[in-house]
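2 protein chains.
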Amino acid sequence: MDRLEHYRQCIQKLLIEDSKIAPINGEIEVETIFDKEKDRYLAVDLGWDGHRRVYNCVFHLDIKNGKIWIQRNQTDRQIAEELVEMGVPKEDIVLGLQPTYAREHTGFGVA
Amino acid sequence: MDRLEHYRQCIQKLLIEDSKIAPINGEIEVETIFDKEKDRYLAVDLGWDGHRRVYNCVFHLDIKNGKIWIQRNQTDRQIAEELVEMGVPKEDIVLGLQPTYAREHTGFGVA
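In the order they appear, the protein sequences are chains A and B. If you want the working numbering, it's the position in the first sequence, counting the first as 1, plus 17. If you want the working numbering, it's the position in the second sequence, counting the first as 1, plus 17.
Treat the hints as calculated values from the structure; they're not laboratory data. Treat the hints loosely; a few may be bogus.
One copy or two, either will do: identical chains are not told apart, so a pair holds if it fits within one copy or between any two.
Only pairs whose alpha carbons sit at most 25 Å apart, straight line, appear in this in silico PhoX-like list of lysine-lysine [as the list claims (entries may be wrong)]:
1) Lys53 x Lys30
2) Lys55 x Lys30
3) Lys107 x Lys53
4) Lys107 x Lys84
5) Lys81 x Lys107
6) Lys81 x Lys53
7) Lys30 x Lys84
Please construct the entire structure, taking both the sequences and the accompanying hints into account.
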C-alpha cells in the first residue's frame, strides 16, 4: 500500500475506534470529521450535560508534507506510540502539541 | 441547484471567508475541515501564542436530516442570519447551541 494511504487508514482507524466508546452521558455523541482532500482528521464530543453545552475536540491529526501531525489529543492514549506500533516511522510523526524547540528531544519528527 | 448542495456551498463559503481573516498572531493558522461524505464542516484556529498552545474550534456546522445544525460559533457573526440571507429557510436552520426546550422560541428549526 502507498505510504500516505497507509497513514490515512491508521489515523481513521484510531479515531473510529475512539468514537465507538460511548460517552458516560447519553446526551453526548462523538463525531468523526475526516477531510480526505486536505488530510485533516478530527474526533469531537458534543451534546449536553443537563443544561450545559458540551463541545470538545478530542483528537485532531493532520498529514502535512508526508508526516502525521498530532495537533490535539485530549485523552491519555499514547497515540504516537500506537501509530509506531502500526508501522509509522517515528520521524514521520510530529508532536504538534510540543513547542518547536522541544520536538528535537522527543525522538519523534521535528517538522 | 439541489437544495442540499446549495446548503453545502453556503456553509463552505462562510467558513472559507472566515479562514481568510489572518489571526493577529502570525503563529496561529485557521484550518477548515470539510467532511463532505458525512456533511460536517469546521473551522479551527491552531498554533502558538508564545509558549502557549492555542487550539479553538471557531465554527462547526453539520447537515443532518436536510437541516443545517450550528453546533459551534465562537464569533460574534450572526451566521444563522447570514444563512437566511443566502436563501436558507429559517426552519432548515437548527441552533444547536440552544437547548432543545428553547429552540421552539428562536424562530429557527427545532430538530
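Cross-check of the supplied hints:
no., hint, result
1, Lys53 x Lys30, "both (14 Å within a copy, 19 Å between copies)"
2, Lys55 x Lys30, "both (18 Å within a copy, 16 Å between copies)"
3, Lys107 x Lys53, "within (23 Å within a copy, 31 Å between copies)"
4, Lys107 x Lys84, "within (10 Å within a copy, 43 Å between copies)"
5, Lys81 x Lys107, "within (15 Å within a copy, 39 Å between copies)"
6, Lys81 x Lys53, "both (12 Å within a copy, 20 Å between copies)"
7, Lys30 x Lys84, "within (17 Å within a copy, 29 Å between copies)"
The structure shown violates none of the earlier numbered hints.
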